[in-house]
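Asker: Here is how the chains run, residue by residue.
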Amino acid sequence: MELILFYISSAVAVFATVMMISGLNAVHSLLYLILSLLAVGVLFFLMGAHFAAVLEVIIYAGAIMVIFVFVIMMLNQGKKTVDQERVWLRPGMWIGPSLLALVLLGEVLVVIAVGGTAETGQLVNSKQVGVALYGPYLLAVELASMLLLAGLVGAYHLGKPMIKNTRQRRGL
Amino acid sequence: MMRAGIGSAADIIGILVSVIVVAAMLIWVERRLLAVWQDRLGPNRVGPFGLFQVVADMIKMFFKEDWIPPFADKPVFVLAPTIVFITMLTGFAVVPFAPGVGIIDFNFGLLYFLALTSLSVYSVVLAGYASNNKYSLLGGLRAAAQTVSYEVFMGISIMGVVMLAGTFNLREIVEAQRDGWFIFPQFFGFIVFLVAIIAESRRAPFDLPEAEQELIGGFHTEYSGMKFGMFFVGEYLGITLSSAMIVTLFFGGWLGPWLPPLVWFCLKTAVGIMFFILLRGSLPRPRYDQLMAFGWKVMLPVALLNLLVTGAVALTLHSS
Numbered sequence: 000m001e002l003i004l005f006y007i008s009s010a011v012a013v014f015a016t017v018m019m020i021s022g023l024n025a026v027h028s029l030l031y032l033i034l035s036l037l038a039v040g041v042l043f044f045l046m047g048a049h050f051a052a053v054l055e056v057i058i059y060a061g062a063i064m065v066i067f068v069f070v071i072m073m074l075n076q077g078k079k080t081v082d083q084e085r086v087w088l089r090p091g092m093w094i095g096p097s098l099l100a101l102v103l104l105g106e107v108l109v110v111i112a113v114g115g116t117a118e119t120g121q122l123v124n125s126k127q128v129g130v131a132l133y134g135p136y137l138l139a140v141e142l143a144s145m146l147l148l149a150g151l152v153g154a155y156h157l158g159k160p161m162i163k164n165t166r167q168r169r170g171l
Numbered sequence: 000m001m002r003a004g005i006g007s008a009a010d011i012i013g014i015l016v017s018v019i020v021v022a023a024m025l026i027w028v029e030r031r032l033l034a035v036w037q038d039r040l041g042p043n044r045v046g047p048f049g050l051f052q053v054v055a056d057m058i059k060m061f062f063k064e065d066w067i068p069p070f071a072d073k074p075v076f077v078l079a080p081t082i083v084f085i086t087m088l089t090g091f092a093v094v095p096f097a098p099g100v101g102i103i104d105f106n107f108g109l110l111y112f113l114a115l116t117s118l119s120v121y122s123v124v125l126a127g128y129a130s131n132n133k134y135s136l137l138g139g140l141r142a143a144a145q146t147v148s149y150e151v152f153m154g155i156s157i158m159g160v161v162m163l164a165g166t167f168n169l170r171e172i173v174e175a176q177r178d179g180w181f182i183f184p185q186f187f188g189f190i191v192f193l194v195a196i197i198a199e200s201r202r203a204p205f206d207l208p209e210a211e212q213e214l215i216g217g218f219h220t221e222y223s224g225m226k227f228g229m230f231f232v233g234e235y236l237g238i239t240l241s242s243a244m245i246v247t248l249f250f251g252g253w254l255g256p257w258l259p260p261l262v263w264f265c266l267k268t269a270v271g272i273m274f275f276i277l278l279r280g281s282l283p284r285p286r287y288d289q290l291m292a293f294g295w296k297v298m299l300p301v302a303l304l305n306l307l308v309t310g311a312v313a314l315t316l317h318s319s
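As they're listed, the protein sequences go chains F and X. When you line the first sequence up against numbering that gives the first Met the number 0, it's residues 0 to 171, in that order. When you line the second sequence up against numbering that gives the first Met the number 0, it's residues 0 to 319, in that order.
Don't read these hints as lab results, they were simulated from the structure. Only a predicted model underlies this, so the values are computations on that prediction, with no experimental measurement involved. We treat Cβ as the ideally placed atom computed from N, Cα and C, and that holds for glycine. Hints may be right or wrong, so weigh each one.
[Claimed, not checked] Which residues of chain X face chain F? A few of them, derived with a C-beta cut under 8 Å, are:
hint	residue
1	S7
2	A8
3	V75
4	A92
5	F107
6	A114
7	G139
8	M162
9	L163
10	F167
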């Protein structure tokens with residue numbers, strides 16, 4: 000039963016990712032990417048990593064992708080960009096990426112043939128995740144938070160001249 | 000993970016049907032209650048107390064022309080209204096109605112709820128994009144910015160509850176409130192969560208994505224017939240789910256004396272829903288920049304402080 004569910008959601012994930020890459024319309028591609036992330040969430044769930052599954056949906060599908068869609072909407076491109084994409088995605092363009100993807104596929108096949116698969120089906124609860132994050136991986140968490148802070152400061156710095164301009168216009 | 004009585008076919012069908020019926024009836028409830036608070040009568044012609052107004056509205060909606068504008072992005076335009084409906088309905092799967100009544104007893108129920116509310120934004124955002132209309136686009140942009148900002152401290156505000164209960168499981172959170180509702184130790188968490196959840200469901204006073212005076216209808220300007228009906232009922236489903244979550248997290252869920260647990264849960268949820276309607280009837284809409292500034296400069300620090308203090312108190316109580 001779980002194996003069938005696994006194959007169904009993997010197939011959905013692969014199909015959605017291919018559609019995402021080959022799509023011409025940016026918003027449709029983003030929708031396929033969201034679908035792919037949701038399918039990966041289901042895969043995590045089937046492996047017993049419920050926490051990772053829910054976080055995948057909350058953070059990737061629910062927050063980051065919303066901001067992606069937001070930006071694409073702000074750019075408000077219509078038919079023109081679809082035509083542009085069509086020019087960019089000529090059949091010849093697919094040769095290089097396809098060769099690289101084939102190398103990866105070969106590697107996966109070798110790994111499957113050798114039989115080095117990871118064990119699955121172990122339930123992970125939130126306490127274990129918390130203990131791991133704030134125990135052995137504390138340094139990584141701190142580094143990630145510093146990176147995020149740097150991003151925040153950078154965004155503030157870029158937005159600052161604009162804030163000043165609007166204040167001047169309003170006479171504040 | 001399954002306990003006896005949870006997730007039976009009767010439970011699933013019963014909850015699904017009653018939730019949809021309640022959401023549809025809320026259209027009438029809201030109009031009558033708003034009328035009472037504004038010293039009017041409201042719809043009272045169709046059936047006793049105007050109860051069949053919903054049926055009349057539904058017949059009207061079914062017979063309306065379901066029009067898709069020629070300039071719209073058709074597949075996305077059709078997809079958008081179903082998203083809010085589906086995410087909100089699946090959200091009810093983790094709601095602990097009473098001991099033994101519910102669809103699934105999930106260990107990360109609270110996070111599951113957060114995940115579904117964050118997915119429901121796509122409905123409005125995609126509707127705004129697919130309509131290919133300036134007003135809709137503005138509505139969609141506002142919705143995206145508003146929900147992404149308010150989601151941040153919605154998650155943080157309920158972590159205090161998680162700390163006190165020691166679990167993400169909604170049933171265990173309810174059980175942990177036997178000695179006292181979490182609204183008392185988590186008062187600030189409750190206030191922040193309440194504000195955030197109203198903003199998430201895009202109800203007045205946070206209904207900027209569809210502000211009639213400036214954006215015509217906002218994201219649903221181009222929608223008509225059943226598709227508009229989906230948005231409409233989806234909003235009421237959101238209100239019902241939100242008040243059910245407020246009751247579960249802060250007001251002791253099904254706990255209460257004398258009456259059976261399910262009755263307590265429904266009563267508390269009904270009060271929550273009426274509070275949502277009262278807010279709509281009494282509060283003015285803020286300006287857009289005020290909304291954003293309030294979220295990031297007031298609500299986020301309060302939520303973080305609440306988290307810090309709760310953590311410190313929980314740690315001292317734990318160690319002593």
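Asker: Give a verdict on every hint.
Answerer: Each hint, compared with the structure:
1. S7: With a minimum Cβ separation of about 19 Å from chain F (threshold 8 Å), the hint on S7(X) is violated.
2. A8: violated, 18 Å
3. V75: Because about 7 Å separates V75(X) from the closest Cβ in chain F, which is inside the 8 Å limit, the hint holds.
4. A92: violated, 13 Å
5. F107: This hint holds: F107(X) lies near chain F, its Cβ roughly 5 Å from the closest one there, short of 8 Å.
6. A114: Interface hint status for A114(X): holds (4 Å vs cutoff 8 Å).
7. G139: OK, holds: G139(X) within 8 Å of chain F, min 6 Å.
8. M162: violated, 11 Å
9. L163: violated, 15 Å
10. F167: holds, 6 Å
Comparing the model with each numbered hint stated earlier shows that hints 1, 2, 4, 8, 9 do not hold.
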